[in-house]
Amino acid sequence: MEVLPFSSLLPMKQSFLELPVQLTKCSLADVLPITKSWPPEATHTLCSALLGAEVLITAKSLDAGVYRVSVEKQRESGVLHVGERLVMDGLARSVMPMTNSCPEGNDCCCRDLLKRVEKLEKMMLRLLNTEKFK
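First residue of the sequence shown: 1, per the working numbering; consecutive thereafter.
The reader is advised that the hints may include incorrect statements.
Claimed, not checked - Keeping only pairs whose Cα atoms sit at most 27 Å apart, straight-line, the calculated DSSO-like set for lysine-lysine is:
1) K73 - K115
2) K73 - K119
3) K36 - K25
4) K73 - K60
5) K60 - K115
6) K36 - K122
7) K36 - K13
Said to hold, decoys possible - What follows is a set of in silico ranges between Cβ atoms, one per label pair, in the way DEER data are often shown:
8) L50 - Q22: 17 to 23 Å
9) M88 - K115: 20 to 26 Å
10) Q22 - A53: 18 to 24 Å
11) P11 - I34: 53 to 59 Å
12) P20 - L114: 43 to 49 Å
13) K119 - L50: 34 to 40 Å
14) G78 - E118: 24 to 30 Å
15) F16 - C110: 48 to 54 Å
The set of hints was computed from the structure by calculation and includes no laboratory data. Don't be surprised by glycine CBs; every beta carbon is placed ideally from N, CA and C.
Take these sequences, add in the hints, and give me the full structure.
Pasting the structure below:
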């Protein structure tokens, strides 16, 4: 090991002070395309909502080297959740995972509530389909 005087130090190159661009494989958490692949409209929606914007990306999980992430954009009217926006626009379907992380444990009312919501959704679909044929 050699000790050098301070005067022998040179300024660091600017390129060493900047972080290199890093690429990480990601996909939106809790949503999937309606069909086998994402439609062009989904890409357009993402580009128009996010291009040039500051976003918060939160890693939810890591599956086979791909990070499942949520993407949020702050707006004047509140936070835009990109996955939810795609679902509302009919470009994606929600696949919210069922977890056992409820603080109430097995006595949780969440499971009962989810079953009731599922039944109501089925009833609504039946009613809507019945109305179409009248």
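Against the structure, the hints:
With a C-alpha separation of about 32 Å, the suggested pairing of K73 with K115 is violated against the 27 Å cut-off. Pair hint K73 plus K119 does not hold up; C-alpha atoms about 33 Å apart against a cutoff of 27 Å. As the CA atoms of K36 and K25 are separated by approximately 19 Å, the hinted pair is consistent with the 27 Å bound. Between K73 and K60 the alpha-carbon distance is near 17 Å, which keeps this suggested pair within the 27 Å criterion.
At roughly 25 Å between alpha-carbon atoms, K60 and K115 fall within 27 Å of each other, so this suggested pair holds. A distance of roughly 24 Å separates the Cα atoms of K36 and K122; the hinted pair therefore holds under the 27 Å criterion. Distance check on the hinted pair: K36 and K13 sit about 48 Å apart at the alpha-carbon level, beyond 27 Å; violated. The hinted range of 17 to 23 Å is satisfied by L50 and Q22, whose Cβ atoms lie roughly 18 Å apart.
Checking the proposed 20 to 26 Å range against M88 and K115 shows it holds: the Cβ atoms sit about 24 Å from each other. In this structure, Q22 and A53 meet the distance hint of 18 to 24 Å, their C-beta atoms being roughly 20 Å apart. In this structure the hint that P11 and I34 lie 53 to 59 Å apart at CB holds, the actual value being about 55 Å. In this structure the hint that P20 and L114 lie 43 to 49 Å apart at CB holds, the actual value being about 45 Å.
The beta-carbon spacing between K119 and L50, approximately 36 Å, falls within the hinted interval of 34 to 40 Å. Distance hint for G78 and E118: a CB-CB separation of about 28 Å, consistent with the stated range 24 to 30 Å. Evaluation of the 48 to 54 Å hint for F16 and C110 yields a pass: the beta carbon distance comes to about 51 Å.
Checked against the numbered hints listed earlier, the structure breaks hints 1, 2, 7; every other hint is satisfied.
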